[in-house]
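Please build the complete structure, drawing on both the sequences and the hints.
So the sequence lines, in the order shown, correspond to chains D and F.
Every number in the working numbering is 25 more than the matching position in the first sequence, counting from 1.
Every number in the working numbering is 25 more than the matching position in the second sequence, counting from 1.
FYI, nobody ran anything at the bench for these hints, they're computed from the structure.
Any given hint could turn out to be false.
Heads up, the list lumps identical chains together, so a pair's fine if it works in one copy or across two of them.
[To be verified] Below, in silico cross-link-like pairs of lysine-lysine (DSS-like), each with a Cα-Cα straight-line distance of 30 Å or less: (1) Lys114 x Lys132; (2) Lys79 x Lys148; (3) Lys50 x Lys148; (4) Lys114 x Lys85; (5) Lys50 x Lys79; (6) Lys132 x Lys148; (7) Lys50 x Lys132; (8) Lys50 x Lys232; (9) Lys148 x Lys114; (10) Lys134 x Lys85; (11) Lys28 x Lys201; (12) Lys232 x Lys28; (13) Lys132 x Lys201; (14) Lys232 x Lys85; (15) Lys79 x Lys201; (16) Lys85 x Lys148; (17) Lys28 x Lys132; (18) Lys201 x Lys148; (19) Lys50 x Lys114; (20) Lys134 x Lys28.
Note that the structure is a prediction, hence the values are computed from the model and not measured.
Number of protein chains: 2
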Amino acid sequence: MLKAVFFDIDDTLYDTSGFARLARKAALNVMIDAGLPLSREEAYRLLREIIAEKGSNYDKHFNVLTERVLGEEKPLLIALGMITYHNVKFALLRPFPNTISTLIHLKGKGYRLGAISNGITIKQWEKLIRLGIHHFFDEVVTSEEVNSEKPDIEIFREALRRMGCRPERSVMVGNKFTEDILGAINAGMSAILVNSELSDDERDRIKREGLDVTVVQEIGEIREIL
Amino acid sequence: MLKAVFFDIDDTLYDTSGFARLARKAALNVMIDAGLPLSREEAYRLLREIIAEKGSNYDKHFNVLTERVLGEEKPLLIALGMITYHNVKFALLRPFPNTISTLIHLKGKGYRLGAISNGITIKQWEKLIRLGIHHFFDEVVTSEEVNSEKPDIEIFREALRRMGCRPERSVMVGNKFTEDILGAINAGMSAILVNSELSDDERDRIKREGLDVTVVQEIGEIREIL
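In structure tokens, the structure reads:
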């Protein structure tokens, strides 16, 4: 009988937010050295505002930054920022500690593995490849392909359909309570929350509704559960 | 009195075509190893057809390739191809021999330096930065910014205007006879053709019309002319 574990990618399998923060700060430092007239703190604050406003998948944050500060786009500064951002991000990229040993453990136990991610298909595959873990995954399902985003039930159903697996035989592992955990549970799966603290409201809700969710501090603890 | 030398970028300052060919072949090898059912020769022939059809600035050549061969886009193969292409291209990237010493020579002689390129602004700046030569250029003018492509006179006029330089005090260096050489001459500049063989027709035309163009085999020879 098939049994499957699905993983969210960003901030579940690797430290997206931490790497992005370091890469953005490095990019801003290079832009400041090349003439962007802001302090490091001002630059980072403004960039975060722009990212919040435009969304993290927008690909022209640095264009907007130079335009807001200097009244026009500055190609040299933009290109310096983009090169530095990508170089630093790719140089740092690695899975969270214990991720690979956990994936090996699950394969050894006979689980099929999938990824369910809100994001752009090729970019999500690129992350798995650059992290060196794409061979572990039997299916990778993205919101772009399915035209449905977590926590919508549709993206979970499509992942289960592709894997040929029933929801009650499947577990979703993710760091976001609403998107990953509630989404999976609504689709009939059980769930494991990692890298995240529960709020009091969320804790109450789990107890009140009897939700099938386990909370672990880090991904390696999954080896003791599954 | 200001005097200026303008350079084309691709195949003038570095071996775009050679690096792209190596990077594409490396990408296809990785895609074939991961299951693309073509021989290396078939794959390269098909990719070149797609590039000819879609243009070299189109960013989904590998998507089209997998779709044509397998009936649908294959994100794993596409992402493997894109990562390999970029890694190989950036690893190989360097200016043609004698480029940097020529730029230093021209700066020492008091020339202002510019680039005039048909291409996407940020990508052309990215190339100059990754080549390590962006500090040499006082102005970089792209067809995307100016909304005019070489050999149109407009892009040359805009470059001269930004540089504050008269055409008769300016030289254009490039590898394409029509785009770089005729374009510059029509704008009133003189021209130097590098990395290119003249056809008999072109040679006749230069003589018949008395065009102010010098042909050199490699960029380093410019040190003997200017």
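Against the structure, the hints come out as follows:
1. Lys114 x Lys132: within (29 Å within a copy, 35 Å between copies)
2. Lys79 x Lys148: both (18 Å within a copy, 22 Å between copies)
3. Lys50 x Lys148: Intra 22 Å, inter 22 Å, cutoff 30 Å: intra and inter.
4. Lys114 x Lys85: both (17 Å within a copy, 23 Å between copies)
5. Lys50 x Lys79: within (18 Å within a copy, 37 Å between copies)
6. Lys132 x Lys148: Within one copy, since 25 Å is at most 30 Å while 42 Å is not.
7. Lys50 x Lys132: neither (38 Å within a copy, 34 Å between copies)
8. Lys50 x Lys232: neither (41 Å within a copy, 57 Å between copies)
9. Lys148 x Lys114: both (13 Å within a copy, 19 Å between copies)
10. Lys134 x Lys85: neither (44 Å within a copy, 39 Å between copies)
11. Lys28 x Lys201: Within one copy only: 23 Å inside, 61 Å across.
12. Lys232 x Lys28: within (26 Å within a copy, 78 Å between copies)
13. Lys132 x Lys201: within (24 Å within a copy, 56 Å between copies)
14. Lys232 x Lys85: neither (43 Å within a copy, 48 Å between copies)
15. Lys79 x Lys201: Result: close within a single copy only, 21 Å intra versus 40 Å inter.
16. Lys85 x Lys148: both (16 Å within a copy, 13 Å between copies)
17. Lys28 x Lys132: Only inside one copy: Lys28 and Lys132 sit 11 Å apart there, 68 Å across copies, limit 30 Å.
18. Lys201 x Lys148: within (20 Å within a copy, 36 Å between copies)
19. Lys50 x Lys114: both (11 Å within a copy, 26 Å between copies)
20. Lys134 x Lys28: within (10 Å within a copy, 73 Å between copies)
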